[in-house]
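Novice: Protein chains in written order, with the numbering used here: chain A, 35 to 305; chain B, 6 to 425.
If you're looking for bench data, these hints aren't it; they were derived computationally from the structure. Ideal Cβ placement from N, Cα and C applies to all residues, glycine included. Take the hints with a grain of salt, since some may be wrong.
[To be verified] Heads up, incomplete: computed chain A residues facing chain B, CB under 10 Å, no partners named:
1. THR85
2. SER90
3. LYS126
4. ASN135
5. PRO149
6. LEU151
7. ILE154
8. ARG156
9. VAL167
10. GLY168
11. ASN208
12. ASP209
13. ILE211
14. THR246
15. SER250
16. GLN273
[To be verified] What the simulated footprint calls covered on chain A by chain B, stretch by stretch (three residues with Cβ under 8 Å from a Cβ of chain B suffice, anywhere in the stretch; the number is not a length):
17. 185 to 195
18. 227 to 234
19. 292 to 299
[As the list claims (entries may be wrong)] Listing some non-contacts, in silico: residues in chain A with all C-beta distances to chain B over 12 Å:
20. TYR72
21. GLU95
22. LEU120
23. LEU131
24. ILE177
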Amino acid sequence: MKFKLITLFLFAAAYAFLISLPASAQTLTAREIAEKNYLAGKISASISEATFRLISANGQERIRKTSGTSKLKSGSLDNRSLVTFLTPADVKGTMILTIENSEPGKNDDIWIYLPALKKIRRLISSNKKDSFVGTDFSYGDVIGYKVDEWKHTIVREELFAGNECYVLESLPANDQIKDDSGYSKRLSWIRKDNFTALKAELFDLNGSPLKTIRLSNHQQVDAANHKWAAFTLEAENIQTMHKTIIEFSHYEVSQKIRDDVFTPRFLESAR
Amino acid sequence: MRARMQFALAVLCLALWNAPVFAAEETPGFIHDVESSTSLRSAYWSDSRIQDDRRNLWILGLWERFQLGISNNSKLVMDGRLGNRGPWQPDNVSGDLREAFLALTAGPWDLSAGRQMIVWGKADGINPTDNLAVRDFSLLTPEDADQKSGVISAKLAYTIENCRISAYWLPEFRPNKLPISDTDTTCYIEAAPEHPLEQWAVRFDSLGEGADWSISYYNGYDKNPDFSLWPVNGPQLQIGLDHHRIRVLGADTAFNLDRFGVRAEAAYTWTEDPQGIDPFMKNSFFYGIMGADRTFADFNVNAQVIFRYIDHFADSGALAEPIQSLARQAALSNNQFDETQLGLFGRIGRTWWNDTLETEVAMLYWFRHNDYLVRPKIKYAWTDTLKTIFGSDQYRGPENSAYGNLKNISTTYLEMQLGF
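Could you put together the complete structure from these sequences and hints?
Specialist: This is the structure:
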């Protein structure tokens, strides 16, 4: 009887200890890690300014300055984002509006406003693999990948850039996702403490290494909701040796952004 | 009537000017205090875009766009160009104030007034509903969009969620400039319409999740001229370029269907000669275009079918000379040479090296007479500010066809653009 009581006490103590551990230390499935990583990037609303540096294999640099605005849809985790190019002259005034649609059967919406044409043009939203305005990031990299469109596996856990990370392998759930994204596999290094990604290795449709994306200089931009954002993003195309570095000079979480900013009408009126 | 409209517009401007600004809400940095873009261009063109046999032209141009953000909900926009249009002679230098307008926004209302370029149409390259902006087809510039210019107009728009209704008053008339010029035997005389103040348009458009579409109506003067024969006065044949009233009902749409971007646009134009009695005046006609684009292995491929139908078509071959020649020329210029026309527009494009190099070939082919236009173009950005564009317009086809008739304005060009 005494033995049974001690056993019961030990089990209870062990259970209490386990549930008191931080979430990161619990056993999470690969899908749960992918979902937490997806949610970590969902910032309610933000205003930012960034510099895009496009660096060719021979070191030649092209620089684009942008302003950005993002806001989640009301009552949803779908993101809306507007990027405006401020310099150089040949892309100045170009605006890209992306609206994520996670409802089944609905595609994302992407519009581009080209000042030379004075027209808004709807882009084919399934072309996620297309380069985002000449950078080494694709539209898919910018909009983000829906958790359930990929099959996730924890490959290993390791220390990366001084942080304990899960290394997650994500394979496209079907051929269409594979073709649309242009990736046959994604490997992501995700921090255990806040679930932000530090690095991603991306493989082309033949399975060859295509790109490496590094995210650094993370700062907590929304302490109340435990949201972090990477202030430096670097994408390097391993096949062409071209790379793009995006550095945020200003990033501010703001709840005062008007919803009508994320409409094609705004692109027209802002011309 | 005119004074009343002007008064109403002034009151509206004042009301919008004093409308509350969204003080508690933020707008992203699309309005800066002063923004300007300058483009210096130097180009060689093998042939002019006018049927005048001028060759080996060196063109210099200055293009400037200026925007002043006056407040959070108002701005002033100016856009103009200056350059030579042919050999270096004072009369070949010309400028154009393409836009100069004030735009105000207050809640769901948008008002803009001044000379502004209003561009309609969701199809690629060919837009049957695009009747408000003016186009100079003779201007030597690689981009079609740069041939366009604005007209003085007032636009008032009201937005409800994804839908918007816009009304336009267009008191200025400016004609399109066609690729024709005076010769030793022919002189063209531009005839301004009598009542330019009575031009207006409305458009309802829906831009939102899933699909974009619009319905539009334009009631004003035709920017493309009809030809008329003037009394003989001297050695030259005098041909009037008359602009008659048209009414255009149009619609367009753009949406994604799986991996295809589908675009369609159509318009029916009522002219002043709906029964097709006057051989020099355009007949009422239908103009439609529909197609899709898709990316295959990094190449964006766009294919669109074009259809034109001329109401009460009459063959100009039955007319006596010299009326027959002129009517034939008018029909060719206005694309009214056949009762029905079926064409195909295609564009294949690809960007290379992170958009440093852009290549494309566009082609428009008319089936009936096997006439076509091919336009290859290559753009290379040496730096962020310096760009080279090399391209060509090649018109081919039999003489009695729209593009065969334009064979001698086929041209090849090389342009350097310095932008800052």
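Novice: Now tell me, hint by hint, if it's right for this structure.
Specialist: Quick rundown of the hints versus the structure:
1. A distance limit of 10 Å between C-beta atoms decides the matter here; for THR85 of chain A the minimum to chain B is near 12 Å, and the interface restraint is violated.
2. A distance limit of 10 Å between C-beta atoms decides the matter here; for SER90 of chain A the minimum to chain B is near 7 Å, and the interface restraint holds.
3. Interface hint at LYS126 of chain A: satisfied, since its Cβ lies 6 Å from the closest Cβ of chain B, which is below the 10 Å cut-off.
4. At its closest, the beta carbon of ASN135 of chain A sits 7 Å from a beta carbon of chain B; the interface hint therefore holds under the 10 Å criterion.
5. At about 8 Å, the closest approach between the beta carbon of PRO149 of chain A and any beta carbon in chain B falls short of 10 Å, and the interface hint on this residue holds.
6. Interface restraint check: LEU151 of chain A against chain B, minimum CB-CB distance 5 Å, threshold 10 Å, status holds.
7. With its C-beta approaching chain B no nearer than about 7 Å, ILE154 of chain A sits inside the 10 Å limit, and its interface hint holds.
8. For ARG156 of chain A, the shortest C-beta to C-beta distance to chain B is roughly 5 Å, which falls under 10 Å, so the interface hint holds.
9. Proximity of VAL167 of chain A to chain B holds as hinted, the smallest CB-CB distance being about 7 Å (cut-off 10 Å).
10. Hint status for GLY168 of chain A: holds, given a least beta-carbon distance of 3 Å to chain B, under 10 Å.
11. Hint status for ASN208 of chain A relative to chain B: violated, with the closest Cβ pair at about 14 Å, above 10 Å.
12. For ASP209 of chain A, the interface hint is violated, the least distance from its beta-carbon to any beta-carbon of chain B being 12 Å, above 10 Å.
13. Taking 10 Å as the C-beta contact cut-off toward chain B, the hint placing ILE211 of chain A at the interface is violated, the least distance being around 12 Å.
14. Below 10 Å, beta-carbon pairs count as interface contacts, and THR246 of chain A has none with chain B, the closest being about 16 Å; its hint is therefore violated.
15. At a threshold of 10 Å, the smallest CB-CB gap from SER250 of chain A to chain B is about 22 Å, leaving the interface hint violated.
16. Because the smallest distance between the Cβ of GLN273 of chain A and any Cβ of chain B comes to about 12 Å, over 10 Å, the interface hint for this residue is violated.
17. Coverage of the region 185 to 195 of chain A by chain B is violated in this model, with 0 residues showing a Cβ closer than 8 Å to a Cβ of that chain against a need of three.
18. Coverage of the region 227 to 234 of chain A by chain B is violated [criterion: at least 3 residues with CB-CB distance below 8 Å; count 0].
19. With a threshold of 8 Å between beta carbons, the proposed coverage of the region 292 to 299 of chain A by chain B holds, since 6 of its residues qualify and at least three are required.
20. Remark: the non-interface label on TYR72 of chain A is consistent with the geometry, its nearest Cβ contact in chain B lying 21 Å away (cut-off 12 Å).
21. Consistency note on GLU95 of chain A: stated as away from chain B, yet its beta-carbon is not over 12 Å from all of that chain's, at 9 Å minimum.
22. The beta carbon of LEU120 of chain A sits about 8 Å from the closest Cβ of chain B, which is not more than 12 Å, so the claim that it is off the interface is violated.
23. The beta carbon of LEU131 of chain A is not kept farther than 12 Å from every beta carbon of chain B, the shortest such distance being approximately 10 Å.
24. Annotated as non-interface, ILE177 of chain A keeps its C-beta farther than 12 Å from every C-beta of chain B; the closest such distance is 14 Å.
In this structure, the earlier hints numbered 1, 11, 12, 13, 14, 15, 16, 17, 18, 21, 22, 23 are contradicted, and the remaining ones agree with it.
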